[in-house]
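Visitor: In case you want the letters, here they are:
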Amino acid sequence: MIEFDGVSKWYGAVRVLRNISAKVEKGETIVLCGPSGSGKSTLARTVNRLEPIQEGTIKIDGTDIHAKSMNVNALRTGIGFVFQQFNLFPHLSVVDNVMLPLQRIRQQSRKEALPTALLMLERVGLADKANALPADISGGQSQRVAIARSLILKPQVLILDEPTSALDPEMVGEVLKLLRELSSEGITMMCVTHEMGFAREVSDRIWFLRNGELTFEAKPDLFFSSNTHPDVRGFLSSIH
Amino acid sequence: MLEILREYGLMLLVGEYPHGKLGGLALTLIISIASLVITFPCAVMIALARTGQSRPFKAVASGFVHCVRAVPLLMLIFWAYFALPIVIGFPIDATYTLILAIVIYQAAYLGEIIAAGIEGLSKGQMEAAKALGLGYIPTTFRVILPQALFNVIPGIVNQLTTIIKESSLGSIIAVSELSYVMLQVNSNEVTKPLQIFGILAATYFILCFALSQATSWLERGIASKRTGRVVVEAVA
Numbered sequence: 001m002i003e004f005d006g007v008s009k010w011y012g013a014v015r016v017l018r019n020i021s022a023k024v025e026k027g028e029t030i031v032l033c034g035p036s037g038s039g040k041s042t043l044a045r046t047v048n049r050l051e052p053i054q055e056g057t058i059k060i061d062g063t064d065i066h067a068k069s070m071n072v073n074a075l076r077t078g079i080g081f082v083f084q085q086f087n088l089f090p091h092l093s094v095v096d097n098v099m100l101p102l103q104r105i106r107q108q109s110r111k112e113a114l115p116t117a118l119l120m121l122e123r124v125g126l127a128d129k130a131n132a133l134p135a136d137i138s139g140g141q142s143q144r145v146a147i148a149r150s151l152i153l154k155p156q157v158l159i160l161d162e163p164t165s166a167l168d169p170e171m172v173g174e175v176l177k178l179l180r181e182l183s184s185e186g187i188t189m190m191c192v193t194h195e196m197g198f199a200r201e202v203s204d205r206i207w208f209l210r211n212g213e214l215t216f217e218a219k220p221d222l223f224f225s226s227n228t229h230p231d232v233r234g235f236l237s238s239i240h
Numbered sequence: 001m002l003e004i005l006r007e008y009g010l011m012l013l014v015g016e017y018p019h020g021k022l023g024g025l026a027l028t029l030i031i032s033i034a035s036l037v038i039t040f041p042c043a044v045m046i047a048l049a050r051t052g053q054s055r056p057f058k059a060v061a062s063g064f065v066h067c068v069r070a071v072p073l074l075m076l077i078f079w080a081y082f083a084l085p086i087v088i089g090f091p092i093d094a095t096y097t098l099i100l101a102i103v104i105y106q107a108a109y110l111g112e113i114i115a116a117g118i119e120g121l122s123k124g125q126m127e128a129a130k131a132l133g134l135g136y137i138p139t140t141f142r143v144i145l146p147q148a149l150f151n152v153i154p155g156i157v158n159q160l161t162t163i164i165k166e167s168s169l170g171s172i173i174a175v176s177e178l179s180y181v182m183l184q185v186n187s188n189e190v191t192k193p194l195q196i197f198g199i200l201a202a203t204y205f206i207l208c209f210a211l212s213q214a215t216s217w218l219e220r221g222i223a224s225k226r227t228g229r230v231v232v233e234a235v236a
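Protein chains in written order, with UniProt numbering: chain D, 1 to 240; chain C, 1 to 236.
In short, the hints are calculated from the structure, not lab data.
Note that the Cβ used here is the ideal one computed from N, Cα and C, for glycine as well.
Treat each hint with caution, since some may be false.
Stated by the list, open to error - Taking CB as the label site, the calculated pair distances span:
#: 1; chain 1: D; residue 1: 115; chain 2: C; residue 2: 120; range: 34 to 40 Å
#: 2; chain 1: D; residue 1: 64; chain 2: C; residue 2: 120; range: 54 to 60 Å
#: 3; chain 1: D; residue 1: 59; chain 2: C; residue 2: 216; range: 51 to 57 Å
#: 4; chain 1: D; residue 1: 197; chain 2: C; residue 2: 219; range: 52 to 58 Å
Build out the structure end to end from the sequences listed, making use of the hints.
Guide: Structure follows, in structure tokens:
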């Protein structure tokens, strides 16, 4: 479904992605991990063109998404993106945050969009916070609202860039629980995370990046086994 | 002072109206409000051009801001009053001339304030809007500007009080606003400049102070609505 073919990216003279070629199948949950600065977030951001690439192609269902002719806004409506820092709009209530894409992209009136948004909030367990402002809710709740917002247009793909890294430890569980549910529902997911328990339990495959290179990819069983790549072994021992 | 207010109070408020043209405090308010109403959208456009991706728009907006900041307002008023009628071939009412000069001048300053508000927003806000697939218009008017404008309310009020004070320059081209009226009163009452200009200063002070207090109240109201609201009921 998502096909990376020889993807490279530079920030000035610094090469941050090196010739990455890999595939994500429909309905798969891929976890991207690796040390800081390995390019995992950058790679995730290239999928909805928040980051341009200089070499290679990224295709979704056969369409080259970095082609100049691609309508970037239309592309993004089909890809949900969740940020580490939630990035909720602080001047809009929770339900207005979730409704915004329906109103501004699907051109629905508030009355039309409200039931869908409330259903989505119910889905993430936050229907009772619909009228709250982002400042009034916890970090974990904010991230669940951000996930609800990213899913409101029913995207085929969900990209999560360290969705639990900015959360207090007691908030991490509620977000991971939601991601587990989403994964089991069959959405195609790419998740950048250091939550190795989540990776082991939920992912179909784990990609390990180092210095912008996809050095190892494996199913969780192999990834966490003693036969894993030496870089992965070093990485796993450094975070435990 | 009370004697002057008794004798010239109505003139101070409305100029020669209803026997002549509207002037005094009323005209000062009209000039200030009209200037702000016209300046504001111009300033927003300048700010969007300054912070946007389009190089030609950015260059034009930057050029405008740099040029205007390099000249005094009084010179702009002279240009609008003396030179513009020659260029366009017909005279313009002095009041419109003054408003035009203030709008050009303040659009540059207010534009810079709003641009700073936009630049000050976290990069994540723009990225979140992009990631949702929102286009330029909804991103700008639904996400960026409401936050940026709120953040620069003190700067906007500061410029509004500046506009009120700058309207006094209209007295130089015979716009019968507050200062011009009080200059006329001073010409009649030659021996009381202290009282006359004391009243003038107090009027400007009350106007500007009341405005900044009202805005502080408004700002606190919006801020508490955005950050301190207690959720008592949810949409079910």
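Visitor: Now look at each hint and say whether the structure bears it out.
Guide: Hints, one by one, checked against the model:
1. D/115 - C/120: 34 to 40 Å: 36 Å, holds
2. D/64 - C/120: 54 to 60 Å: 37 Å, violated
3. D/59 - C/216: 51 to 57 Å: Check passed, 55 Å falls within 51 to 57 Å.
4. D/197 - C/219: 52 to 58 Å: 46 Å, violated
The earlier numbered hints that this structure contradicts are 2, 4.
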